[in-house]
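Protein chains in written order, with the numbering used here: chain A, 866 to 1279; chain B, 866 to 1279.
To be clear, the hints were calculated from the coordinates, so they are not data collected in a lab.
Just so you know, even glycine gets a beta-carbon here, dropped at the ideal spot from N, CA and C.
Take the hints with a grain of salt, since some may be wrong.
Said to hold, decoys possible - Calculated cross-link-like contacts (lysine-lysine; reagent style DSS-like; alpha-carbon spacing at most 27 Å):
1. K881/B - K1037/B
2. K1173/B - K952/B
3. K890/B - K948/A
4. K1162/B - K929/A
5. K959/B - K890/A
Unchecked claim - Stretches of chain A that chain B covers, calculated by requiring three or more beta carbons in the stretch to come under 8 Å of a beta carbon on chain B:
6. 916-930
7. 1097-1106
8. 1181-1188
9. 1196-1205
There are 2 protein chains.
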Amino acid sequence: MPDFGSLFSANANNMKASTIRELLKLTQKPDIISFAGGLPAPDVFPVEDLRAAANIVFDRDARKALQYGTTEGDDGLRDELIKFESKQGVTIKKDNLLVVSASQQALDIVAKLFLDPGDYVIAGRPTYLGALQAIQSYSAKVLGIPFTDAQDGFDMQALEKRYAEAIAAGKKIKYIYVIPDFQNPAGFCWSLEKRQALLDFAYETGLPILEDSPYREIRFIGDPIPSMFQLDQDGANKGVVINLKTFSKILAPGTRMGWIMAAPALISKFVVAKQAMDLCTNVFTQMWLAEYMRTGKLDGVIASTREKYRVKRTMMTDALRKYMPNRDDIRWTEPEGGLFLWVTMPSFIDTDKLLLKAIERKVAFVAGSGFYIDEPEHNSMRMNFSYSSLDQIEEGVKRLGAVVAEAIREHEKA
Amino acid sequence: MPDFGSLFSANANNMKASTIRELLKLTQKPDIISFAGGLPAPDVFPVEDLRAAANIVFDRDARKALQYGTTEGDDGLRDELIKFESKQGVTIKKDNLLVVSASQQALDIVAKLFLDPGDYVIAGRPTYLGALQAIQSYSAKVLGIPFTDAQDGFDMQALEKRYAEAIAAGKKIKYIYVIPDFQNPAGFCWSLEKRQALLDFAYETGLPILEDSPYREIRFIGDPIPSMFQLDQDGANKGVVINLKTFSKILAPGTRMGWIMAAPALISKFVVAKQAMDLCTNVFTQMWLAEYMRTGKLDGVIASTREKYRVKRTMMTDALRKYMPNRDDIRWTEPEGGLFLWVTMPSFIDTDKLLLKAIERKVAFVAGSGFYIDEPEHNSMRMNFSYSSLDQIEEGVKRLGAVVAEAIREHEKA
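Next comes chain A alone, as it looks inside the complex (with noise of 0.2 Å):
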């Protein structure tokens, strides 16, 4: 091949690959213990209600299943969404929807429409990666707003100063990105007072903010807080929430399926956006998901999800509690719902280093220095809990007990 080196566009340049899912290779090795990735219990998905509702697209609607759709999206599966979403107090029209290939591709249209090169997303430290990558492939930057000690959100003063200072230094901020049901890495809650706070912060400032809601239908313990879309729709219903919300953790990634829900004029801009980018989601997956949601079935795969994350999470957190070395500087949070939790080690622990010795005693976590976007923490570690098996969980941990220990030891030593 030619050089084309000089023919790549500037955001091609900033575009990064995960180390994440590079990482992910090296750990799917059978015999090593992983709580690196992000995956599903693959038992929980409803193989048989699924061919069902597949082999029904197939009887009644396969022709239509098969062509091309529109933009907007299947007007079944949008009136399932519809439902849906009614029966968490979410009152939505279809002008209000767009089904999209799950969110990675909402976290890109969304990018795409706001960012020109170096304009700024406010965003959490740490926060998704996926999120940070979307951002990244526009030229533009994060500006990391710490959460607070307990862990309910953003630190507001925080917040405030940073935001000033960037408007002072005339830097453009454009939304602000937020997963406020326990988030990706580390299993954050915001309580309602901070969720309504940073609606104000909206208000006042004029920015919209994109809630990322992967998680929210998994919460396993506790009841649920209301999402900013939700309180902004109940509230002064000034439209400033862009919601995005995906198949992927409540019943099956593999359908690339998601949903944005937003005031209707931002629905129409992302529409013309889709356009160019895939013309329309796949049409038969729409038409297959919408068959499975008018079975009333999935509010059972719900909860048995939660049910069995709650078990894998409450494991997790026991082990941790038997097998980490007992210090005041190794913590974790106890997420109520989602699939990860959050180790905090001594900091004088260089995760990114702890991995290849966790490697090589066969079991993985994700560094947390990947969810940073600048100035990275170095003594985290992201763990999955959901895809493991129990047996799994209490193995992996006393492993990784084993590495972490032997770490603090050289230290001492040294």
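Once you have looked at the hints, place chain B on chain A.
Here is chain B on its own, set in the frame of chain A:
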């Protein structure tokens, strides 16, 4: 919704809604005979064989098919694509292949990787609207090249001239976009000589060729001409051609499935870009189509599609001869493949206006002006022959002939 106007990106402001897709909604009323869309004939979809293949995935591999997959694409599907290409004389390995959500996503990926605002892409006049939209959505522009009167490819003298002028004017050209086989909208097919000439031009200038081949397999008259990807591979093998293929025209567009063939170093860049766009393509559909390809029945579907479209194209050109006013300045292409033909009207007829009258008479086409990014020609129309039945083709062309005859009478009166 607050006025987010000042927050949108320059790219957002350069995005144009497809007038064609908007118009399609108008033309979808049941009593209109529409030659406007680009839809395959639904009676070629092998519904029962596709159902059987989907059920095999449910039997054998459901939990894998419902889980996340790699960005590169399913190994099984890529193996089948390698065999499929091999039968056409194209030799590729897995690292030459990226599975995508059909060709439009590939057009988006390539545009994102190469185009900075203000950059240029060389493309035909006219050319595929979706490619133009992808280019515009990165605030880039098109250097339009006319076709020869023989309709066998670019006017190479015009290309050399426009290229030299653009370089002299400091314009940055990033790639050359072509659809050598039965292009959309006009149905032109490039001769072997013209393909080789463009390849030589690419070698000289160092520009990559983006060769879009959705209709390549739908040749219903004559013998295949090697693709530019193939000519490069069998000749100097410099790896300058990026070739896009899709299941949309050879099997079923509702599966949203296609593939990019290119040099491994380019594929690696595309993979990083795609990660930030959607993580991976629909895994279930990839494994489903791999299973379908293993039946060996795809070749039969393609053969039957060719035969059906040959008959329909002949019906349409016969009807044009029968019903269009007999004038030297009314002409049409007689393509040897693909889904479209291109009708040129007398210069005093504006087909944008003619379309409104045609819709009143319950027949629709796409006005040619939509296929030019600048200085559109206004006296042409794209007519699709794949979707309508033979009776509809005859009746629709009859109606259209009457509309044209009336427009000529009105012009002669004025």
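Hint by hint, here is what the structure shows:
Restraint check: the Cα-Cα separation between K881/B and K1037/B comes to about 22 Å, which is no more than 27 Å; the hinted pair holds. For a cut-off of 27 Å, the pair hint linking K1173/B to K952/B stands: about 22 Å separates their Cα positions. Restraint check: the Cα-Cα separation between K890/B and K948/A comes to about 26 Å, which is no more than 27 Å; the hinted pair holds. Straight-line distance between C-alpha atoms of K1162/B and K929/A comes to about 21 Å, which keeps the hinted pair within the 27 Å bound.
Only pairs whose Cα atoms come within 27 Å are accepted, and K959/B paired with K890/A is accepted, the gap being roughly 17 Å. Remark: the stretch 916-930 of chain A is confirmed as covered by chain B, as 8 of its residues place a Cβ nearer than 8 Å to a Cβ of that chain, reaching the required three. Look at the stretch 1097-1106 of chain A against chain B: 3 of its residues bring a Cβ nearer than 8 Å to a Cβ of that chain, three or more, so the hint holds. With a threshold of 8 Å between beta carbons, the proposed coverage of the stretch 1181-1188 of chain A by chain B is violated, since 0 of its residues qualify and at least three are required.
Given a C-beta distance limit of less than 8 Å, the hint that chain B covers the stretch 1196-1205 of chain A is violated, as 0 residues qualify and 3 are needed.
In this structure, the hints that do not hold are numbers 8 and 9, in rising order.
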